[in-house]
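Residue numbers (this note's numbering), protein chains in the order written: chain A, 11 to 392; chain B, 11 to 392.
Note that these hints are calculated values from the structure, not bench results.
This list has only true hints and no planted wrong ones.
Intra- or inter-copy, both count: the list cannot distinguish identical chains.
Computed cross-link-like contacts, EDC-like style, restricted to lysine to aspartate or glutamate with a CA-CA straight-line distance of at most 16 Å:
#	residue 1	residue 2
1	Lys81	Glu304
2	Lys34	Glu15
3	Lys232	Glu261
4	Lys31	Glu15
5	Lys81	Asp305
Here the structure is a predicted model, which means the values were calculated and not measured.
2 protein chains.
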Amino acid sequence: MARLEYVQKAVSGRARLGQLKTRKGVVDTPAFMPVGTQATVKSLLPEEVAGLGAQIILGNTYHLLLRPGLKVVEAHGGLHRFMGWPGPILTDSGGFQVFSLGALRTVAEEGVSFRNHLDGGLMHLTPEVAVEAQERLGSDIMMMLDECPPAGAGREYVAAALERDARWAGRAKAARTEKGGALMGIVQGGVYPELRHRSVELLLEHELDGYALGGLSVGEPKEVMMRVIEQTVPQLPRDKPVYLMGVGSPEDLVACAGLGVDMFDCVLPTRMARNGTLFTSTGRLNIRNARYAEDQAPVDETCGCLACRRYSRAYLRHLFMARELLAYRLNTIHNLHQVLGLMAALREAIAQDQYDAFARDFWARRVPEPGEENSSDGGNHA
Amino acid sequence: MARLEYVQKAVSGRARLGQLKTRKGVVDTPAFMPVGTQATVKSLLPEEVAGLGAQIILGNTYHLLLRPGLKVVEAHGGLHRFMGWPGPILTDSGGFQVFSLGALRTVAEEGVSFRNHLDGGLMHLTPEVAVEAQERLGSDIMMMLDECPPAGAGREYVAAALERDARWAGRAKAARTEKGGALMGIVQGGVYPELRHRSVELLLEHELDGYALGGLSVGEPKEVMMRVIEQTVPQLPRDKPVYLMGVGSPEDLVACAGLGVDMFDCVLPTRMARNGTLFTSTGRLNIRNARYAEDQAPVDETCGCLACRRYSRAYLRHLFMARELLAYRLNTIHNLHQVLGLMAALREAIAQDQYDAFARDFWARRVPEPGEENSSDGGNHA
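Take the sequences, apply the hints, and build the full model.
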């Protein structure tokens, strides 16, 4: 059996419903993957994450490499046992965090050298090291090491990077051992249509288990991101999953699922929760707002999450203003419930070939909170 | 029916087993009350607190008065509904926190004036205001306003304070309305046996629903605290509960239950948890310690809590070192499980008239962790 199988179940316009079969279980797509950066989805127990509807979570290789280190995780039998999450885990390569370090790293054909953010120690990441690290974590879906150029990168830089990325894809695949999980490639090419196309062509030669769109949601205008996705998805094989990295606002999830994306991850829902911004069926709500101080209504009347079933906006605001730990937890439960519930509703709509109606209704319901910006913020990545 | 009934079920030496009947349910004693200072037992949901064995929790009037304010809690139907805890709640009077403010407050016959720690606003607390505040919170067991002199207070100061406390007890009782919960008196008198006796005599005249020992565990030597308890408990009526305020280390719980104390509260188990100090069947363990970095054993092999059943010391250490929110939650679950389990075991031992054997065994098992101090720290109060 393949390390990863994608089965398409239905289509609605360009959106598609499917199932991803991993060695740790099935994932219904389009799927949102909560981020468990440091071997925990912040504030929650694994059974809570699963109870909210998550079938797969993401782990960050860079963070785990630094702390607690691969040796410790491996000795526990891998990340699943270490953190108590029995389901599928996708890991990134560590590259995104390394390239975010900016001035602290140098890229060469061999790989990337960098000083880590914890103790400044010099570290080296190569395509082979990234695969080995992910195998030692026990990752079910590994990501190839790639370079993620910043939004403003010029064409020549982006072109050279994607050519090297493609060579790194080959090295990553060659480095994978028998016990390794699936391996996904990452399409780069910035905002340049022909470079994206070139990246796809080069990656397809390596016959990877799925293809991700990288280098998006890094500061480029939203319409540019959408255009790149719209152009690239049709160039990818229909029998492999398409993964849009670092995207996860409700608005982007609806829009990008409509372009045929199957997998998403983003720290946005959980990070916003910890900052007091709560998703609702009509937009967003900032629980710090004084207008909620005596408000006995739930955050969202239509939401079935624990926080909304039991607590008032006033209580959640009180917890947040008092910096109580329960605030971050209840807010995280709420936002993940919103996002994972949205994915379930999207899948249902696609199954009934109602994607367009669903998306129209979703947009019609959006109402900006008075005095609040309603846009998703940047810096969505872990 | 009385607002609070105490029924003694068994004795073993001076220790006693009993039940406290409150308007919100029964509490088996000796009981430990987890502290929910700001309308939450930090990091936990109410059902988790109950699942750990807590039958009653404590709320802090001072904190709730300041934030979110009585009006908000009252509008929600009281503290129980506001925070989602349906069981009994004991509230303090706010006095302890006010007197902890030191230079910022002034005491007079009428009450105490102080500047709060949040915005420095001038506030006044009187016996009547403290009762009214607790009634508005919906407290099931209210505490009278008293003055808690510091450990080094001289005899004259302490003597004058307890006389005024007794007058305040009368005013508190007179202020209580029909809808008010039970009202407990607080024995003061510092470390002076005859002053403690005098305080008891004066309070008994007011026929309160129970009696607390206040002004202990505030810096005095442990043997002095034990002597005061040993002397005072027999002076109190057997048909009313005895509550030792601000005490909650495993060692103190075992020792003081042995002197006939029925109720305890303390932030120590939960605060220590958030600082990484975990109770075990043999003493304490500091999860930050580097020796646990690769340790796959649970915190305590004999512990049945979620953290010990599922996670290794290495995982808990990783979460703590990475400052993950789940660390505080799992540590809190562990320490509360330890303390509440200890209370259940104590009750079982008393039921079988085996308190002495239980206490001997408890002390025989204590082993200091290498390189760790094994004493309970000061500042146990909320």
